[in-house]
Amino acid sequence: MKDQTYLDRESNLTPGISKISAKNVNVYYDDVQALKDVSVEIEKNAVTSFIGPSGCGKSTFLRCLNRMNDTIDICKVTGQILLEGEDIYDPKIDPVQLRAKVGMVFQKPNPFPKSVYDNIAYGPKIHGLANTKSDLDEIVEKSLRRAAIWDEVKDRLSSPATGLSGGQQQRICIARAIATSPDILLMDEPCSALDPIATAQVEELIDELRENFCVVIVTHSMQQAARVSKKTAFFHLGSLVEFGDTEKIFTNPNDPRTESYITGRIG
Amino acid sequence: MTETFHTNSLFNISDKTKNRNAAERRFRMYGILAISIGLLMLLVLATTIILRGTSAFQQTFITLEVDLLESKLDKKGNRNIDDIKKVSTFGYSPILVNAMKQALEKHEISTSLKKKALGGIISKSAPSQIRDFVLEDVNRIGQTVVFKFLVNGWIDGYIKGRYSRESVANSKFASAEQFDLIDQLLEVGVVEKKFNFDFIFGADASDQRPEAAGIGVAMVGSFYLMLVVLVLSLPLGVAASIYLEEFAKQNVFTDIIEVTISNLAAVPSIVFGILGLAVFINYMHLPQSTPIVGGLVLTLMTLPTIIISTRASLKSVPPSIRDAALGLGASKMQTVFHHVLPLAAPGILTGTIIGMAQALGESAPLLLIGMIGYVATNMPNTISEGLLSPNSAMPAQIYEWAKRADPAFIERAWGGIIILLIFLLTMNTMAVILRRRFERRW
Numbered sequence: 001m002k003d004q005t006y007l008d009r010e011s012n013l014t015p016g017i018s019k020i021s022a023k024n025v026n027v028y029y030d031d032v033q034a035l036k037d038v039s040v041e042i043e044k045n046a047v048t049s050f051i052g053p054s055g056c057g058k059s060t061f062l063r064c065l066n067r068m069n070d071t072i073d074i075c076k077v078t079g080q081i082l083l084e085g086e087d088i089y090d091p092k093i094d095p096v097q098l099r100a101k102v103g104m105v106f107q108k109p110n111p112f113p114k115s116v117y118d119n120i121a122y123g124p125k126i127h128g129l130a131n132t133k134s135d136l137d138e139i140v141e142k143s144l145r146r147a148a149i150w151d152e153v154k155d156r157l158s159s160p161a162t163g164l165s166g167g168q169q170q171r172i173c174i175a176r177a178i179a180t181s182p183d184i185l186l187m188d189e190p191c192s193a194l195d196p197i198a199t200a201q202v203e204e205l206i207d208e209l210r211e212n213f214c215v216v217i218v219t220h221s222m223q224q225a226a227r228v229s230k231k232t233a234f235f236h237l238g239s240l241v242e243f244g245d246t247e248k249i250f251t252n253p254n255d256p257r258t259e260s261y262i263t264g265r266i267g
Numbered sequence: 001m002t003e004t005f006h007t008n009s010l011f012n013i014s015d016k017t018k019n020r021n022a023a024e025r026r027f028r029m030y031g032i033l034a035i036s037i038g039l040l041m042l043l044v045l046a047t048t049i050i051l052r053g054t055s056a057f058q059q060t061f062i063t064l065e066v067d068l069l070e071s072k073l074d075k076k077g078n079r080n081i082d083d084i085k086k087v088s089t090f091g092y093s094p095i096l097v098n099a100m101k102q103a104l105e106k107h108e109i110s111t112s113l114k115k116k117a118l119g120g121i122i123s124k125s126a127p128s129q130i131r132d133f134v135l136e137d138v139n140r141i142g143q144t145v146v147f148k149f150l151v152n153g154w155i156d157g158y159i160k161g162r163y164s165r166e167s168v169a170n171s172k173f174a175s176a177e178q179f180d181l182i183d184q185l186l187e188v189g190v191v192e193k194k195f196n197f198d199f200i201f202g203a204d205a206s207d208q209r210p211e212a213a214g215i216g217v218a219m220v221g222s223f224y225l226m227l228v229v230l231v232l233s234l235p236l237g238v239a240a241s242i243y244l245e246e247f248a249k250q251n252v253f254t255d256i257i258e259v260t261i262s263n264l265a266a267v268p269s270i271v272f273g274i275l276g277l278a279v280f281i282n283y284m285h286l287p288q289s290t291p292i293v294g295g296l297v298l299t300l301m302t303l304p305t306i307i308i309s310t311r312a313s314l315k316s317v318p319p320s321i322r323d324a325a326l327g328l329g330a331s332k333m334q335t336v337f338h339h340v341l342p343l344a345a346p347g348i349l350t351g352t353i354i355g356m357a358q359a360l361g362e363s364a365p366l367l368l369i370g371m372i373g374y375v376a377t378n379m380p381n382t383i384s385e386g387l388l389s390p391n392s393a394m395p396a397q398i399y400e401w402a403k404r405a406d407p408a409f410i411e412r413a414w415g416g417i418i419i420l421l422i423f424l425l426t427m428n429t430m431a432v433i434l435r436r437r438f439e440r441r442w
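Going down the list, the sequences are from chains Z and S.
In terms of the working numbering, the first sequence opens at residue 1 and continues consecutively.
In terms of the working numbering, the second sequence opens at residue 1 and continues consecutively.
Okay, chain S solo, but in the shape it has when bound:
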């Protein structure tokens, strides 16, 4: 056999070798193909998100000089705050329309629009903005103040190219005349498109005011969630892993625990949600929609991930290090805490951050425990009650927006996804950096 196999010169490539090389080339091609498809998908995803989401960070604003007329706001003229409070936001609409008219006169723009349509250009949040300003100091009545208002979502949509004159022909929310007017106002600089910090730091808004909605409160909610998850799951997860990996004897019981933990990691998150609803809310009567309940549910979800990654990193510490410490007369616990744990720390940290990132992006269990609280007050009012006050979380807020009818909310959902992704990318990058920095060789 050896004879026939080796008779030829090395330059004659045998059929078998040819086949082998061809198979290898094919396999490489499959690999490159797989990676290309993956990259392409990522590219499509990233472009879509960026194209659709970036517009949420910009908003159209209108700058108006508003006369805070005494005749409308304080008919008795005695600056009694209780009387002034009786004037609802509805009573502020006329002065807003007045201000609009004055601006048009000043820039010599004529329009056929009626009062209501004229006021409709400005966001419905504008009257309360003036009212809050007046109630802060009643002596401001009678003054002329420059305000910067949000422009109504439909008008904003026109400026961002979402609507055209044709598409609103039969709409009761916006009209072609309003668009004409806004074009003129844009030209003279009364109306302008600017970066909108309130989208990042502000609170959610009702269905009629998509232009005022922000993700800030949900961000605070997510922050509280992460706090609860970190405080609960890191010590519990690490303690459980150390015990299982270093102290527990290998027997049927620990085998069962191991299988159970692996299974828990694969349980769909919505199951944890319904468990949280049944146990934490219905049985333990913890307040609904609060970060404490959300955090507990996400802790249940994160624990298996942390335990599995911690055990893996404990396992990767070479046994020779344990032998060395034990051989010196260190106790089991000294061995673990002085030598094994520091070496496993980068892995534990990475696992924890990845588990937290998972929890941060989780929405299903939060929907079940009602962590989609509608909080309309802006910071810092919302963060005062912290863990026990109803709140929302970023992914739940995104879901909430995506579900609403107005396309302006869909735009905000995409914008929210960008913010969420920035958080996740930051966390994952942190995990990589920490691992690189603390990794020690042995």
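Next comes chain Z alone, as it looks inside the complex:
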């Protein structure tokens, strides 16, 4: 492996507070390279956002972080992604266990066609987080409260989650993801299917979640990235162009491509 490049890159990173560190990640779909040499350090208890034009690889990279790309047969990942120092692509790692630790919220709200309660309770059930019914009830309530949707659904826990509005469904999905107490929460454009009011609610929620989780969010909206995140990564054509403090990226970017994107000239 190219140890030399690792050392070079590590020199400008801040070890100790990073939760995930990705080094030279390349992703191929068959022969097409979707990600080129991406290296990122993601901090704990902070929100990191990935921005960039469509097809730039930001979602692909997010899906590498909990190995969701494994489900795509033609997808091949090289490089190294360390979660608290452990290589998650090590053959000895079970992706199922990893995904319990790294929760995910998807672009389109995708509640199970079951009751609200069953949606939230499913994760804790399969991971054996609750021994008794009352434990489970407590987890469900806690998760729904943290996702700021408890008041709206507390009287209809047994009605189907698919009957709720889009914004409510997405918050149910967030509650479902945090019910398994993951360390990291990945969000893939969680607000793209929501109206401004629901978006505001979810953003508020992300801000609260930051205290307990390491949140990584992919977004199309630069305003959203500016509002919710501490760090921002800008992807373009499969490579990571710039990564740094959100404020710096939006006010004084180093790379001309970042500036063009932020100001609306490309993308």
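Calculated from the structure, these hints are not laboratory results.
Using N, Cα and C, we set each Cβ at its ideal position, and we do this for glycine too.
Be a bit skeptical, because a hint or two may be false.
Here are some, though not all, of the chain S residues that point toward chain Z, as calculated from beta-carbon distances under 8 Å [what the hints assert, rightly or not]: (1) R52; (2) S320; (3) L328; (4) S331.
Subject to a maximum C-alpha distance of 25 Å in a straight line, what follows is the list of computed DSS-like cross-link-like pairs (lysine-lysine) [unchecked claim]: (5) K332/S to K125/Z; (6) K86/S to K76/S; (7) K92/Z to K249/S; (8) K72/S to K116/S.
We have chain Z; now place chain S onto it with these hints.
Same frame as chain Z, but now just chain S:
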């Protein structure tokens, strides 16, 4: 270009638009025509089946008081069952003719018919009916008992309008005099046409007794077939589909399997029949004509249908549901069994029922493995040995009847088709209802 295109008022319809609209109208007409032709054919089919088949459900019966004469049935008079058993059904014919004569006297009907022709009015199954009754309890000898017998198929055919006096002029099976007599008996109520439950629940009968033939035993055979098919093809088919759809990697090997399965679904059923004959009977030496072999052959035939429909319904489950479950840390198997399978279940169920309905109506492979067993015992004797005793199946029985010479059997073939169609319609309706009921939206 834009100028010339848009210069006219919207009220002036351009030639191009006119052509387009005409084409659309023509296409609609073709569609309506196609549907009308289809409906017309269906109507013709349904009417033909109903017109020809319903008469099989009715049969002419004759009610007679029979003297169980000791002088004919138990000459020694000691009620020894072994001696009484020596009297064959042939020995019962005279008492039947006697009973007939008594009935005629009672109603003051005179006839020129000889003994044989008189007895010929009654079905050939009548003597054994009396014999069975006597052998059940030998002390019945000497009593006078009221029996209800089937009327001979030819006479029954006259009452149903199949034969006329002219058409039997040269026949050795029936005569105009018999028809005269039957008209008179019909008038006094000795003979009557009634619903015949034995057609639905009874066993097949020999060539001479079409009036006694029923489809009941074949129905039991079909039931066993379906049991074998369901038990084998549902778990095998669903397991194979889940593996192929959810677990197997896409490569040349799975592609070959996929093509093979699609091809198998299109293989003519008779090929499965000859395969069953070669493998299950000649090589594995499973008993011939039995539902187990028939079921195995039909399973081979049904499996591709079930696999294809199951895979289609698994495919129709949105990937977002799989992502959601996997993202929560569920294993592949948990994802499939907790989320994908319940959502695909209505589709799987429908596919299975339709596959089973196909198998239920299949006759060609059954003919090849000899599942046209002639079982003459009535229920429940026939169902005791179940899967390993020779039997028939409904479509095979229908084929068997249609092939016999006597038109009375053809009538029964049509009647059998009605029963088969009722089963198929019930199954298909069930499929639709189940799908409606369990369909969940997401």
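A quick look at each hint next to the structure:
Annotation: R52/S was flagged as interfacial toward chain Z, and the flag is violated, the nearest CB pair being 49 Å apart, outside 8 Å. Hint status for S320/S relative to chain Z: holds, with the closest Cβ pair at about 4 Å, below 8 Å. Of the supplied interface hints, the one on L328/S holds, with its beta-carbon coming within about 4 Å of a beta-carbon of chain Z, less than 8 Å. Of the supplied interface hints, the one on S331/S holds, with its beta-carbon coming within about 5 Å of a beta-carbon of chain Z, less than 8 Å.
Distance check on the hinted pair: K332/S and K125/Z sit about 16 Å apart at the alpha-carbon level, within 25 Å; holds. Note on K86/S and K76/S: the hinted pairing holds, with a Cα-Cα distance of about 12 Å set against a maximum of 25 Å. A distance of roughly 21 Å separates the Cα atoms of K92/Z and K249/S; the hinted pair therefore holds under the 25 Å criterion. In summary, the hint linking K72/S to K116/S is supported, as the alpha carbons are separated by about 17 Å, within the 25 Å threshold.
Taken one by one, the earlier hints fail for this structure only at number 1.
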